[in-house]
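Novice: Sequences listed follow chains A and B, in order. Going from the first sequence to our numbering is simple: count from 1 and add 201. Going from the second sequence to our numbering is simple: count from 1 and add 201.
It is possible that part of the hints are untrue.
No copy labels: a pair is met if it fits in one copy or bridges any two.
[Unchecked claim] In silico BS3-like links for lysine-lysine, alpha-carbon gap of 30 Å or less:
| # | residue 1 | residue 2 |
| --- | --- | --- |
| 1 | LYS807 | LYS571 |
| 2 | LYS399 | LYS571 |
| 3 | LYS807 | LYS567 |
| 4 | LYS567 | LYS772 |
| 5 | LYS571 | LYS772 |
| 6 | LYS807 | LYS566 |
| 7 | LYS570 | LYS772 |
| 8 | LYS772 | LYS875 |
| 9 | LYS570 | LYS807 |
| 10 | LYS566 | LYS772 |
| 11 | LYS865 | LYS881 |
| 12 | LYS502 | LYS571 |
| 13 | LYS247 | LYS807 |
| 14 | LYS881 | LYS571 |
| 15 | LYS865 | LYS772 |
It should be emphasised that the hints constitute simulated quantities derived from the structure, not laboratory data.
Number of protein chains: 2
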Amino acid sequence: MAGMLAWVAPACALIGLAFAAYLAVWVLKQDPGNEKMQKLSGLIQKGGHAFLMAEYKSLIIFAVIVAILLAVALPGGHGWQTALAFLTGGILSVVAGYIGMYVATRANTRTTQAATKGIAGALRVAYRSGMTMGLVVASLGLFGLALWAIFFLVNAQHPEPEIVDGFVMGASSIALFARVGGGIYTKAADVGADLVGKVEAGIPEDDPRNPGVIADNVGDNVGDVAGMGADLNESYAGALLAPMVLAVAMAFAGTPFSGTEFGVFSLDGLLAIVMPLLFAAGGIIACILGLFAVNTNDGSKIHKALDRGTYVTSAITLVFILLLCIGWQSVGHLNSVWFFGCTAAGLAAGLAIGKLTEYYTSYHKKPVKKIALASESGTATNIIEGLATGMLSTVAPAVVLVVAVALAYLCGMQVADGNAELAMQFGVYGIGLSALGMLSTTAVTVGVDAYGPVADNAGGIAEMAGLPPEIRERTDALDTVGNTTAAVAKGFAVSSAALTALALFVSFKTNLAAGAAAATDAAGGAGAAGAWSLNLSLDNPYVIVGVIIGAMMPFFFGAMTMGAVSRAANKMIIEIRRQFREIKGLLEGKEGVEPDTEACVTISTKAALREMLTPGILAVVIPVVLGILDVNILAGFLVGVLACGFLMSVYMANAGGAWDNAKKYIETGAHGGKGSEAHKAAVVGDTVGDPFKDTSGPSINILIKVVTVVSLVFVPLFIQLGGGVLHNFL
Amino acid sequence: MAGMLAWVAPACALIGLAFAAYLAVWVLKQDPGNEKMQKLSGLIQKGGHAFLMAEYKSLIIFAVIVAILLAVALPGGHGWQTALAFLTGGILSVVAGYIGMYVATRANTRTTQAATKGIAGALRVAYRSGMTMGLVVASLGLFGLALWAIFFLVNAQHPEPEIVDGFVMGASSIALFARVGGGIYTKAADVGADLVGKVEAGIPEDDPRNPGVIADNVGDNVGDVAGMGADLNESYAGALLAPMVLAVAMAFAGTPFSGTEFGVFSLDGLLAIVMPLLFAAGGIIACILGLFAVNTNDGSKIHKALDRGTYVTSAITLVFILLLCIGWQSVGHLNSVWFFGCTAAGLAAGLAIGKLTEYYTSYHKKPVKKIALASESGTATNIIEGLATGMLSTVAPAVVLVVAVALAYLCGMQVADGNAELAMQFGVYGIGLSALGMLSTTAVTVGVDAYGPVADNAGGIAEMAGLPPEIRERTDALDTVGNTTAAVAKGFAVSSAALTALALFVSFKTNLAAGAAAATDAAGGAGAAGAWSLNLSLDNPYVIVGVIIGAMMPFFFGAMTMGAVSRAANKMIIEIRRQFREIKGLLEGKEGVEPDTEACVTISTKAALREMLTPGILAVVIPVVLGILDVNILAGFLVGVLACGFLMSVYMANAGGAWDNAKKYIETGAHGGKGSEAHKAAVVGDTVGDPFKDTSGPSINILIKVVTVVSLVFVPLFIQLGGGVLHNFL
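Produce the complete structure using the sequences and hints provided.
Specialist: In structure tokens form, the structure reads like this:
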């Protein structure tokens, strides 16, 4: 009976999908505007489609190789099931990305057309297209994970968490490539088009003469729509998985979750697995309800309208979760209502970090104004101030994150009613719930974020199609807000990544410790041949070695992705310069002379596909290699990547966002306005910030999760190797 | 008898001091040049003296407050002795800094004068003045630490490591202020003088009309001479201390170091304490011998000559240490010769990281050439490429460092002859020895580094005194090499900081665990009231919380110090602009019109003193507060600071060095040479790199060590609090 409850989750996921379909049909029914607008939108659609198809082609090869390796290398007889889960996770992530992209690249011209009538309509089109993506991301994630969980966690006499881990690994690896590839694509086009167009040729942004503009617009979609969607899809699946895996481990360990009522579970144990699914299901319903709160006809209130959507959704979600926890407490034997505290701590931390990100990146606040002021003394001071702001902006989010972790831990502990050993386990389960709490409103976060590139594209189309300036003003109002919400979504993405990775790390450690204990029992006790144990204490030099290598990874990833953008942008610069030089009449704007936009799209596509491979493969291979060497090194490595990666990602995202808005602030007329020396300095800062905030920062985000989930999936292999081949030298 | 051996260390330290005195007298006897040169040098001396005196005045207040707190807050009856050790550590660090600065600010004009006759003489004066500083730093460190160790570790029936820890904390806190203050001073002056002089007014570097030039020259001395000296003095003392403290802990723990032959020590135990002192003593003698290898008359071979000095010294040091280890093995009962492997691993890692730093920052190599090439497409690409290079440059040093740690651990384990429990302890002692091995040649490293600012100043004086261009060419040849050696010294400083902090961290953990065990015994076993234990495992959420806060610290420190430079440089810019505007005839170079250099010196001095306080105090207070909360959080924090700080420091130092040399490379005529667009972009990169490499990077360096040694000193307090006030909520 209680197990049947789990089916509520896929059912709600289907409701989410149905609503997403309704939104998509609604968006596609809107007027796509005149022929020229449709043609421009068509070019963007074509570019986006071509890139995603090319990307998926490389990913198929990667996915098949990894699936075969999983099927072959994983001991325990579940290799092929894990491989299958891996493939479904990957496929659902791809489908979510493709649908979001499909709608977004068609919503752009419809938003422009709606803007000819007013802001309210334009906001509705843009936001609903974003929410299509948001709901698809969350619903597909929940649907896939819930089905695997129902078959291999909830109903089985012998739950097999490793198989379900495979699903998240699939979502994770696809997300990594989507984020890195998308990030390189968008910034190669953006940096290249800006440097030659705005700086060298002196033509405005989004000018139809610039051959790089279509690639830039495509990039917004593949980076911020498909990339961000895959990123949060992965966090969402990971956050769902972690508490379930922890609950299974606790059921095996003779806690109040153990029993015989439901396979190996007590009623509380079964509920501990089902509840995360129900929390997420409640979140999806709340997101649908919250949608109706986003509505305004006043350009200055768009931001408030979007915020209102987020707050309403969060409040409804919290009410659902509280009711579920009260229900749990009333049927079970634990003080389960404390778990509401864990979930609320995570959700509140997500909102708080979003607000902090806004403080550091909004041009209404002091930090960005200081960067704008520093631009007066030149480029160098603009850069120094931007870097310093980015670094400083890590402090408060780090404190919020650790406070949320500590609160979730303490709330979880209260469930144990004073038993110290149990308290730690419930506390850790509580940390898993806090990650889930933060991500329960994922659909809205993705929706608000995916709205940004649609608004941005809408403005580009208005400019290129030569629509009257008041239309562009309306789309600009939407776009400006989109920039802030994008920064907030990045803050949310990285903190959810850190919390999810932490929860997955604890699952990793729990599974590993269980394996070590089983091996030691089988060998006849500690000290016997074949017996081994974990030593994750900070005084084990191998752990420290792992932490240092882990802390190095974000720098390595940052260097690789920044270098990739720099190389690709350089190719773009050479091509755009060539076209301006060789295509006669292009720069003069002669009638009928058109740039070869396809050449630029090809450059971005090829560069992104080539450059995403090394970082992507390294992120999967390095943890496996370290784990084969020694699991203690690997554990240290995961914590190093988590801590340092979280901070690097916040640093890079916020520095980039702050530079961007410092430029925008000057463009409102401050410090001499457009064309002043301060503006020139700010443009340089913005260009440096582009790969910071849209390529490297987000890539590090995913790195944190990928290395952790890969390690989790390969636990059975590490156990078979007795804790790693170096283990015997310890 | 064996205990008497320890007296060799202070004796060798006195030999080092005597030789330093001989070098100083020799330098001061050289011809100081004409009246104008002497006047300029006099201004630099006066500025440097004024800054150090003002700095010491603030530090006295700080030191007295901390000493009183130590005497009062530390339980166990050794508070006042620890306070005394703290003060001597601080005073010796101050004395070393002052002597080095005294000689360096007098050697500058003498180097210029010697350059009128040829390169060989100029190199000799500059290098010998640097070596004066190097020998004073190492000898005073060894002298002070050896005496405290002889009284409270070697000869005592009850060794009191906490007291000796105080000495290192004294050196450490002074070093922090010297590094942060010196770094802010030098870069405020440098950035300000360059931006107004070179960029705005278009006058050359070191032009006598620029009122900021004297402050810039003073800054080279207070930053690179006094600051770097204090930094390595502290690493040196810390690296000496760590293996001794570990050996004492092992003697208390019933290992082969325990016995009754010498107080609580066996012969091997006593030797394990005395040997680090002898290794260091051998290093000082080797540095004196290696001095004679640095000699050349060919401007293109200066670098080779300096390298030769380092290699010869390293080789002699290794021979000494090998002989000592062989001697130890022959009189003791252990395979002590393996300890040579630990020491050699550290020394080799130091040399390797130095070479890697050179690769990433020398303009003869690919990375810097790529930055120079990227400058052609503008400032933004120069900055992106520089940041990417800095990030990438962390990978290889991190790998070298962890390999050295692992090798030292494995070599140390071999001493245990197969006993697993003992093997870990010997392995950890081996890691302590590897830090000492890396630092055994400190005198030469400091010498090579301190030579840089002397050569730089010599060039400035030649320019300002209007000497013929061939003199400036010779000093430039010295200076160019000095830039590379300074970068190498920075790589060395940060890797030695990481290794030292790691060794001190292990001592911290060992002392804490002993305290917990004693408390638990006294309480009547685990579980009893008053019993507590450490839980440093990575699955303790408090440990993770600590790691995240720790990883945040380098970002926080980076932000504070970059912000400080930015604010101070702004004041400097305003003042220099004012003088150019208000002092009639100054910019035109009218005879008899002189800038008010003192006003600029005052700005740098005041800014440095004000801005160094917050970071300095936070670095001391935060670990104490975290430890009072919970020692597990503190332990995680220390590892987080260590891992992330090491990487941030390498990243910032190398990015800065690479930008600097990319500019110099373009100035040799590449990519259009001086005055080209590429050069303008490279100048911006260099300016951004200034606070990176000379303020923030080095400050983070010290941060790593200060937080660790402060935690070590306060261990008795944390033990008294039962592992922290939160401990009971665990």
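Novice: If any of the earlier hints don't hold here, list their numbers in rising order.
Specialist: When the structure is compared with the hints, none of them turns out to be violated.
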